[in-house]
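Chains as they are written, first to last, in this note's numbering: chain A, 1 to 396; chain B, 1001 to 1396.
Because the hints were derived from the structure by calculation, they are not lab data.
Treat the hints loosely; a few may be bogus.
Stated by the list, open to error - Cβ-Cβ distance ranges computed for the label pairs, FRET-style:
1) B:M1083 x A:L53: 51 to 57 Å
2) B:G1323 x A:Y385: 47 to 53 Å
3) A:E102 x B:D1329: 23 to 29 Å
4) B:R1135 x A:D361: 54 to 60 Å
5) B:E1351 x A:Y385: 46 to 52 Å
6) B:E1351 x A:G285: 43 to 49 Å
7) B:T1362 x A:G343: 43 to 49 Å
8) B:G1360 x A:D84: 34 to 40 Å
9) B:G1235 x A:T284: 52 to 58 Å
Said to hold, decoys possible - Under 8 Å between C-beta atoms, here's a sample of chain A residues computed to sit facing chain B:
10) I112
11) T222
12) L300
Claimed, not checked - Cut-off 25 Å, straight-line C-alpha distance, at most; resulting in silico cross-link-like pairs (DMTMM-like, lysine to aspartate or glutamate):
13) B:K1060 x B:D1084
14) A:K240 x A:E197
15) A:K20 x B:E1351
16) B:K1020 x B:E1150
17) A:K20 x B:E1352
18) A:K130 x A:D161
19) A:K60 x A:D35
20) B:K1020 x A:D350
21) B:K1020 x A:E352
22) A:K60 x A:D350
23) A:K63 x A:E150
24) A:K63 x A:E201
25) B:K1020 x A:E351
26) B:K1060 x B:D1208
27) A:K200 x A:E375
28) B:K1130 x B:E1101
29) A:K63 x A:D251
30) A:K20 x B:D1208
Positions of the beta carbon are idealized from the N, C-alpha and C atoms, including for glycine.
2 protein chains.
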Amino acid sequence: MAGITAAGGFKASGVSAGVKYIGKKDVAVVYSERDASVAGVFTTNTVKAYPVLLNMERVKAGKARAVVVNSGNANACNGPRGMDDARAMTAETARLLGVAEERVLVCSTGVIGQPMPMDRVIPGIGEAVKALSERGGRDAAEAIMTTDTELKEYAVSFELDGRTVTVGGMAKGSGMIHPNMATLLCFVTTDAAVDPEFLKECVAYAADRSFNMVTVDGDSSTNDTLLALANGVAGNSEIKAGGEGCGIFRDVLTEVCVFLARAMARDGEGATKLIEVRVVNAPTGQDARLAARSVASSTLFKAAVFGRDANWGRIICAAGYSGAQFNPDAVDIFLGDIQVARGGQGLSFDEEAAAAVLSGDTVNVLIDLKEGQYEAVAWGCDLTYEYVRINGDYRT
Amino acid sequence: MAGITAAGGFKASGVSAGVKYIGKKDVAVVYSERDASVAGVFTTNTVKAYPVLLNMERVKAGKARAVVVNSGNANACNGPRGMDDARAMTAETARLLGVAEERVLVCSTGVIGQPMPMDRVIPGIGEAVKALSERGGRDAAEAIMTTDTELKEYAVSFELDGRTVTVGGMAKGSGMIHPNMATLLCFVTTDAAVDPEFLKECVAYAADRSFNMVTVDGDSSTNDTLLALANGVAGNSEIKAGGEGCGIFRDVLTEVCVFLARAMARDGEGATKLIEVRVVNAPTGQDARLAARSVASSTLFKAAVFGRDANWGRIICAAGYSGAQFNPDAVDIFLGDIQVARGGQGLSFDEEAAAAVLSGDTVNVLIDLKEGQYEAVAWGCDLTYEYVRINGDYRT
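Chain A with its partners taken away, still in its complex shape (with noise of 0.2 Å):
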């Protein structure tokens, strides 16, 4: 089983409650059975929603026991009513719980600045809380999407201390192309025991190379988030900077981490195609982020993937205004497997094969700087038509 209820002593669920529309699940619970330590990476954006500054707050203690999410509405821009109306949300799910209303989180996505439909949240809670199950997974990750077309959960299990450990994860988002506002939402579970500070290096850690390598530093949504949450029912001793166990579990943490972050560069807005852009051999290890970032999120290169041109140079144009230091007369780029330019220079290649590369479900772009030894990985995905038709008309 993949997702947030693949880690033991998790359960959750996804119910319809009309947040805004009619049918579609929009209010998910994920509860621990013991008290988890928990970590999260939030919006940089100065305008927070009032979940976001919640969360902030209700994480420094670094324990929880539930998260409820709300889908068709952001609650961000709202007041000081968008505030209770979070709160109120945690509330209700720490009464029917029996839990502590601090040991609860709360995330929200959708429309900023409408004030959030409580009369109808409310009671979409009572069924969330009343449908959580071990199988519940799927449900909760139905219930988070807005216009992601995919279910996106993933997860992985080891051997640590002779124990069985799982980490699963669900996640949402899917308006890639200069993601400025289609909110990231994510929530990873393991029944590892994890110590809650070096849960937060690792969440830092994996967020850094993944979901902050298909969304630009800065240019986030109102409501991003990403919370772990790790409720040791494995029974391992716990994990520690440095301890027994401390880089598997991180790597862990990071490969599911990617697999959705891919998941959601895939699913971008209107895309047709993942766009993989590696960049290697640069001088440090910001270069490479900064370079690999920029081309992943250039408009006019992901709308040549969509006409299937192989047109290079918005490849190094975007590599050159991204801040990265190179030399531009060092620079090779490849396209899947066809060189297209040597030392900053166009080669003569075939454009029926470099079409065909154009052509695939996953273009990949590795840019080699020659200069160092660092690389980066960013993710993004084709500008289309489909784009437009979906941000043209969103809201209403």
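Add chain B to chain A, keeping to what the hints say.
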């Protein structure tokens, strides 16, 4: 007469050399009958086209006689041959005009990474020099266009020192959505006598309030160039910093650049509307500029404008991730005359009236941060199906 030959002592021309398409004008020459003061602003992209590198050197002398321009090929990423070709273009122009080669500048715009077809460009320069005329401004403005659908020319005259002084210009550029590669070229000529150092100051001032507000700093093409030439034919005493006429000259130059920058935004690839974003009462000028540019370049807001959806949440969100400092709970937002948010919260407004505002050919957005006294204006355009079509198939 508007444009590059409105000022006295300038000739221009534009001819078809077949650089990329048959029949389209694609080589232009601008010629001053006297040595002119010259100043320029160039792309900040790490990857600079060869003409840009050459011009950056040559403007240091502060004097120029002519500019040769081609469209259809950017002469970027072509190795050592690229610089040879750029030099050869200026050498041929200088030879035919009988002026020093170092007094000739060169600009290119078009596809990256393909060698210049010098066998067609060189004869084109010959034709263009033959065609030079005091009425050739319009032909030159046509010859520098790529995906532009409208000519961009403007001129303003004023009295100074008992003389009539004229400032005129032409520009090309229309890839305004996430403007990472569609080259901006702008040429301004004036018959005023202007000290080269002061001209440099004025050009930087004007660029900051015009082209830099339609394109995000650092997010520029390999070829972006703004050049201003002042030949003194009007017979005024030389304008210097702090001297007579310095304020009005700076303001008129800025007005010409703002007109051309707005025209570029309105002619954005696939655009149906101009978006003008004004941020007022910001704590600093930089905060005002960051917020205005971020909103004007948000693809989600641009798509909403195309869909006539008064989705003001995308406005406050884009201001929020811009890096500008402000209190989200203080912000007022207006679409045209309609206030859609007060104190960071949505107001109930007439959706039909808002849709009518969004149906106009110019959409005005006003953001009042209520924290200071600085303001800035930025320009963009809506994101349409046509943008995707154009950029999905530009090169081929």
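Comparing the hints with the structure gives:
no. : hint                         : in the structure
1   : B:M1083 x A:L53: 51 to 57 Å  : 55 Å, holds
2   : B:G1323 x A:Y385: 47 to 53 Å : 31 Å, violated
3   : A:E102 x B:D1329: 23 to 29 Å : 24 Å, holds
4   : B:R1135 x A:D361: 54 to 60 Å : 55 Å, holds
5   : B:E1351 x A:Y385: 46 to 52 Å : 26 Å, violated
6   : B:E1351 x A:G285: 43 to 49 Å : 48 Å, holds
7   : B:T1362 x A:G343: 43 to 49 Å : 46 Å, holds
8   : B:G1360 x A:D84: 34 to 40 Å  : 38 Å, holds
9   : B:G1235 x A:T284: 52 to 58 Å : 56 Å, holds
10  : I112                         : 3 Å, holds
11  : T222                         : 5 Å, holds
12  : L300                         : 5 Å, holds
13  : B:K1060 x B:D1084            : 20 Å, holds
14  : A:K240 x A:E197              : 8 Å, holds
15  : A:K20 x B:E1351              : 18 Å, holds
16  : B:K1020 x B:E1150            : 19 Å, holds
17  : A:K20 x B:E1352              : 21 Å, holds
18  : A:K130 x A:D161              : 35 Å, violated
19  : A:K60 x A:D35                : 14 Å, holds
20  : B:K1020 x A:D350             : 20 Å, holds
21  : B:K1020 x A:E352             : 21 Å, holds
22  : A:K60 x A:D350               : 56 Å, violated
23  : A:K63 x A:E150               : 31 Å, violated
24  : A:K63 x A:E201               : 15 Å, holds
25  : B:K1020 x A:E351             : 18 Å, holds
26  : B:K1060 x B:D1208            : 20 Å, holds
27  : A:K200 x A:E375              : 24 Å, holds
28  : B:K1130 x B:E1101            : 18 Å, holds
29  : A:K63 x A:D251               : 22 Å, holds
30  : A:K20 x B:D1208              : 43 Å, violated
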